[in-house]
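Protein chains in written order, with the working numbering: chain H, 1 to 323; chain X, 1 to 328.
Everything labelled a hint here was simulated from the structure, so no lab data went into it. Fair warning: this is a prediction, and the values are worked out from it, not measured in the lab. Beta carbons: idealized from backbone N, C-alpha and C, even for Gly. No incorrect hints appear here.
List of simulated lysine to any residue pairs, SDA-like, C-alpha gap at most 25 Å:
| id | chain 1 | residue 1 | chain 2 | residue 2 |
| --- | --- | --- | --- | --- |
| 1 | H | Lys281 | H | Leu95 |
| 2 | H | Lys221 | X | Thr70 |
| 3 | H | Lys135 | X | Leu72 |
| 4 | X | Lys109 | H | Pro244 |
| 5 | X | Lys132 | H | Ile224 |
Residues of chain H placed beyond 12 Å of chain X at every Cβ, according to the derived structure:
| id | residue |
| --- | --- |
| 6 | Pro46 |
| 7 | Pro58 |
| 8 | Phe79 |
| 9 | Arg94 |
| 10 | Cys99 |
| 11 | Ala161 |
| 12 | Leu179 |
| 13 | Leu181 |
| 14 | Tyr191 |
| 15 | Ser192 |
| 16 | Phe207 |
| 17 | Val251 |
| 18 | Leu287 |
| 19 | Leu302 |
| 20 | Val306 |
Derived Cβ-Cβ restraints for the label pairs, each shown as a range:
| id | chain 1 | residue 1 | chain 2 | residue 2 | range |
| --- | --- | --- | --- | --- | --- |
| 21 | X | Lys183 | H | Ile141 | 49 to 55 Å |
| 22 | H | Thr139 | X | Ala211 | 24 to 30 Å |
| 23 | X | Asp184 | H | Pro248 | 39 to 45 Å |
| 24 | H | Val137 | X | Ala211 | 23 to 29 Å |
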Amino acid sequence: MTSIERAPGPLTPPSEEVVAPGHEAAATHGIAPRSILNSPYALIAPLAIVMLIFFVGPLILTLIVSFWNYTQYSIEPAFTTVNYYDVFYGCVARLPDLCVTFATYLSTLKFCLIVWAITLILGFVLAWFIVFEIKTVSTQIVLFLICTIPFWTSNVIRMIAWIPLLGRNGLINDTLMGLGLTSEPIEWLLYSDFSVILAFVHLYTMFMMVPIVNSMLRIDKEIIEAARDAGAGTLTIALLVIAPLCRPGIVIGSIFVVTIVMGDFLTIGVMGGQQIASVGKVIQTQLNFLQIPIAAANAVVLLGAVLVIIWGMTRLVDVRREL
Amino acid sequence: MRGANLELVDVSKRYGDTVAVTGIDLKIPAGSYCCLLGPSGCGKTTTLRMIAGHETASGGDIILGDRNVTLLPPAQRGTAMMFQSYALFPHMSVVDNVAFALRVRNVPKAKRREEAMERLALVEMTQYANRKPAELSGGQQQRVALARALVTDPQILLLDEPLSALDPTLRLRMRTELKRLQKDLNITFIHVTHSQDEALALSDMVVLMNAGRIEQIGTPREVFDEPATPFVARFIGAHNILAVGGREYSLRSDRISLTAPEDGRIKATVASVEYQGHFVLVRLDGGETDLSAIVPEAAIVARPVAPGDVVGAQWRDEDATPFSRTAA
Chain H
1 MTSIERAPGP
11 LTPPSEEVVA
21 PGHEAAATHG
31 IAPRSILNSP
41 YALIAPLAIV
51 MLIFFVGPLI
61 LTLIVSFWNY
71 TQYSIEPAFT
81 TVNYYDVFYG
91 CVARLPDLCV
101 TFATYLSTLK
111 FCLIVWAITL
121 ILGFVLAWFI
131 VFEIKTVSTQ
141 IVLFLICTIP
151 FWTSNVIRMI
161 AWIPLLGRNG
171 LINDTLMGLG
181 LTSEPIEWLL
191 YSDFSVILAF
201 VHLYTMFMMV
211 PIVNSMLRID
221 KEIIEAARDA
231 GAGTLTIALL
241 VIAPLCRPGI
251 VIGSIFVVTI
261 VMGDFLTIGV
271 MGGQQIASVG
281 KVIQTQLNFL
291 QIPIAAANAV
301 VLLGAVLVII
311 WGMTRLVDVR
321 REL
Chain X
1 MRGANLELVD
11 VSKRYGDTVA
21 VTGIDLKIPA
31 GSYCCLLGPS
41 GCGKTTTLRM
51 IAGHETASGG
61 DIILGDRNVT
71 LLPPAQRGTA
81 MMFQSYALFP
91 HMSVVDNVAF
101 ALRVRNVPKA
111 KRREEAMERL
121 ALVEMTQYAN
131 RKPAELSGGQ
141 QQRVALARAL
151 VTDPQILLLD
161 EPLSALDPTL
171 RLRMRTELKR
181 LQKDLNITFI
191 HVTHSQDEAL
201 ALSDMVVLMN
211 AGRIEQIGTP
221 REVFDEPATP
231 FVARFIGAHN
241 ILAVGGREYS
251 LRSDRISLTA
261 PEDGRIKATV
271 ASVEYQGHFV
281 LVRLDGGETD
291 LSAIVPEAAI
301 VARPVAPGDV
311 VGAQWRDEDA
321 TPFSRTAA
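Throw the hints in and build the complete structure from the sequences for me.
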């Protein structure tokens, strides 16, 4: 009898009860491996260890370093709040004018909010289409796979691919001018807020859609018919019935999108033509100049801001549910 | 106007090349309890869903009262449906579930709550008004679903296999209650079921369907006493099908009495004897015709039989009813 055969599944009774009396001696003389597989802690241990070393560890390190001192050529262990002071330098004194930090956060928050709203609506509608409008599972799977096509190539290439399309001499501008609809190239198509948002939406709608699909799949389709039977239109059903039932999916998708956009420097950099400020970009620049402690302080502030947003979002959804 | 007659005229439903139902002609008078009865896949649920407006008929008309409702959305028909899975909104309390249709119609909050509580009282569920559906038993969920369907004062209540998910004891109780509710409200109930017991016990009108068509429409007694086709006789059960002189007849199993071999119309060997409590089910192997006889307990005590015995089977001429139609 091997230990694998005797490892009980989650719903089967412990193996002792299954083993016939005659085999009991053999079973109790069996050695340790059984107890390891029996323990749920053992099962989560590998992931827990990875998370501790590669996530919690660096996080704590960042927090510690954010209190260190630095000069132009050195970084010294210390306990000083000067980095945090520098992050918010002049922010209170100069109100109502915005200091650099506040302006940067505001700009990042603006992108975050717009991208969140667009991906939420797109993700919800697409998820609805795949889950409720498509009747056959095979078609659902095919459509789902089509949604993953953008992920077959790297993040950067996906962004760069927009340039020949949106640029001054890009496909869209050429076409519009060729048709005589505009006399000169439209400038805001590339290296603008528009192109940044476009790239974000392109990249992250999937992250919003997948958890929502997952939530929607659990909804009994008769519920929609029941709502329709009661006289509800599609929008009412979406807002009063489906959205509340997709709450976990919406919250998870929102957390994905918000955390990614808040911390982004790459997309805003490439699609914004390195002209648009973002919190991530500030941190990146400071790192380039080896100002690691203030970069760490900025990162901690950003982390706090993101956590507050996530907390607020879960509250918000909760409130919606109570209405 | 509470009640309205429902009429289906040559209604059919096709999915691509597959025909789900066809040639459905049916008149259901206001205030009747009608059961759509048949085996699974016979088209009874499709028919119900077309009446409800959750499926669009591919052909024919559905007339409710003096309105042709064939193409109207569900909520504008004056029907309400109770779903097989109950389909309660899991995130809403019982009272909000019931009030949902009124909320959609922009009825003020106090008014819709009052209406909802009234319907909950009808199904004796007021004390659970603030619970969530997940906190209720299956039977209680069903009562809520019933209250929810009734909140818009429908002229016709459509019930899709309402009792199939309940355990046998509860099923009998709910059955009685459905009938009482239908009498009290005096509206039409259309009830889809595959259980002949349910249909016979509840209906004023049984519509027996098979393979997308109606086999027979009648009162429970008509359907039971004079099955129109061999299919009906077989589906209702407790019937024998006899072939005499090229015609087929139905013969109720309880009209067969067992006699001495020489006294019966036919001689048969007892194949099995099943004790059922009030009666005993005896299967007979009569060579060409196999029969099943429902014998009262007293008769079996007076004249015991055992498998392998040779007995006679006797019945009266008038008990053998010719089928009015041959198999479709």
